[in-house]
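A.B. asks: Working from the sequences, and respecting the hints, build out all of it.
Spelled out, the chains give:
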Amino acid sequence: LLDEKALEAQGGKFRRYLDIDGDGIPQRTIPGNEHPGAAYFARGSGHNEDAGYTENSEVYKKLLDRLRRKYETARRFVPKPIIFNSTGSKEGIISFGSSYQPTCEARDRLAAAGRKADHMLLRALPLTDEVRGFIEAHEVVYLVEQNRDGQMTQIVRDDYPDLAARIKPIRVYDGMPLAAGDLVALINGGT
Amino acid sequence: MTEPATRTQPEVNRVNLSKKDYVGVPSTMCKGCGHDAITASIIQACYDASIDPKRVVKLSGIGCSSKTTNYFMNQAFGINGIHGRMAAMATGSGVANRSLLLIGVSGDGDTASIGLGNFLHMMRRNLRITYIVENNGVYGLTKGQFSATADLGTKAKKGWENPWEAIDLASLGVLMGATFVARSFSGDRKQLAPLIEAAMMHNGTAMLDVLSPCVTFNDHEGSTKSLKYIREHRDALNEVGFIPEFQPIEADYDEGSDYSVRMHDGGVVTLHKLKDHDPTDRMQVMTLLEQARNEGKFLTGLIYIDEDKPSFAEQENLGEEPLSMLSDDKLRPSHAALDEINASLMH
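As you go down the protein sequences, you meet chains X and C in turn.
Residue numbering for the first sequence follows the working numbering, starting at 25 and increasing by one per position.
Residue numbering for the second sequence follows the working numbering, starting at 307 and increasing by one per position.
None of these hints come from the bench; they were simulated from the model.
There's no promise every hint is true.
[What the hints assert, rightly or not] Pairwise CB distance ranges, derived in the manner of DEER restraints:
| no. | chain 1 | residue 1 | chain 2 | residue 2 | range |
| --- | --- | --- | --- | --- | --- |
| 1 | X | Leu42 | C | Leu580 | 51 to 61 Å |
| 2 | C | Lys464 | X | Ala188 | 55 to 65 Å |
| 3 | C | Asp645 | X | Val83 | 45 to 55 Å |
| 4 | C | Arg361 | X | Leu187 | 48 to 58 Å |
| 5 | X | Tyr95 | C | Lys603 | 48 to 58 Å |
C-beta atoms are modelled at their ideal positions from N, C-alpha and C, and glycine is treated no differently.
C.D. replies: What follows is the structure, given as structure tokens:
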């Protein structure tokens, strides 16, 4: 983010959508920046690296390629997953969002019955290396989601095709809040 | 030897800018488009009011009208938002930095169809913004379908008749709480430019419904938004002037005499009344608008104004310092501050 001083230090010019360091993230200014070189028009049409109007297909492709680099850069900055109480078990459970709390309770119930499992709370996309590390460390990983089609499972398998077979989707999609008992039943049922 | 020709310096305003400094990139509108005339009035108003482009944010949605933010004030930040959501972006912008002047440009499709929900709630909140609807009764960018402001009975180019009631944006603006409502016509810069200037000085939502004939898709016989029809059916409530110097209100409020309103940020709107109309009487204004609609007329001029209602920023008690400019130490209170807040919630 360039303020007035930073913009002046680079000669008063910047190119809004130019990737200057290869991370896919260009420089930007925000309204309120009073440097004469700060303003630009964020347009609803295709644009070039100077925020100018274009329908040029080569420019468009270049822009999409930059956005791919930006997505990869984001892996370094998004919140990392949290891994709870590693038990050394060969089984793991991945939860995210509101499935976190029921998964904690399900894990306790499973442990009380003699079946220990590690737990990872996924907090962001794109996936970070810790997610791969967790899957690699377990023979079976149950991925809990309230989605009929198992979309998060698809995303994880797409990112780690070599580990796809280890991931078992636990899909609960009856419209009700997720219950720990349902998870225990599904995990014990060998889904 | 002949003397070199004396170069005439362009006239400059109080921020040392010429009118040329307020233009944008060349327009790609159809030749004769009403929207270009509105752009010219915006440029005139900003120049006359000595607006600093660096303190302006231009916002628009999608449509022919929404393209026009690119055609004025190149030195100002601008953004096309998604269709119908300019009001939401504007509200966010106004909260992030209340010191910036927001100029929103929309169309009758962007505002009265897909953006109607956005529009209604913006009118309620009295966010400080100059909100211009460039109203031609059709979806121009998609080749001329009736919009929600197309009048009942108006005819399309191929003869179809509109069977639906029109949304009157001026009435809706007043009803929903906008504190500055005006209507004008793209071809009347003498009326429109001072209205825009006054709108920019208003401490709240200033909604301008500007009739703007679409020369390509809605300027034919049978259309009630054609140039000819608008000229024949305009009905001015007042002649509008704007005096940018800061002066106290002195005029008496008698019919036929001038009526003045002092704007919050300086300047005075003067109204030479042409009709029995009190722009601060909401009930009367709604009646006049409905009467005009029944008669097939377009009331123009400054229709309604309320300079007393608190703006959105005042209502929400936003601090004077723009939120987007707060330093890290102000954004991140100390642990001691957090402990104090938590403790206060425990009682």
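A.B. asks: Within 45 to 55 Å: is that where the Cβ-Cβ distance between aspartate 645 of chain C and valine 83 of chain X falls?
C.D. replies: 53 Å, holds
A.B. asks: Should the hint that lysine 464 of chain C and alanine 188 of chain X are 55 to 65 Å apart at their CB atoms be regarded as holding?
C.D. replies: Check passed, 56 Å falls within 55 to 65 Å.
A.B. asks: Evaluate the given range 51 to 61 Å for the C-beta pair formed by leucine 42 of chain X and leucine 580 of chain C.
C.D. replies: For leucine 580 of chain C against leucine 42 of chain X, whose Cβ atoms are near 55 Å apart, the range 51 to 61 Å holds.
A.B. asks: Starting from the hint 48 to 58 Å, judge whether the C-beta atoms of arginine 361 of chain C and leucine 187 of chain X obey it.
C.D. replies: Because 54 Å falls inside the window, the suggested range holds.
A.B. asks: Does the beta carbon distance between tyrosine 95 of chain X and lysine 603 of chain C stay inside 48 to 58 Å, or does it fall outside?
C.D. replies: 56 Å, holds
In the structure shown, no violation is registered for any of the earlier numbered hints.
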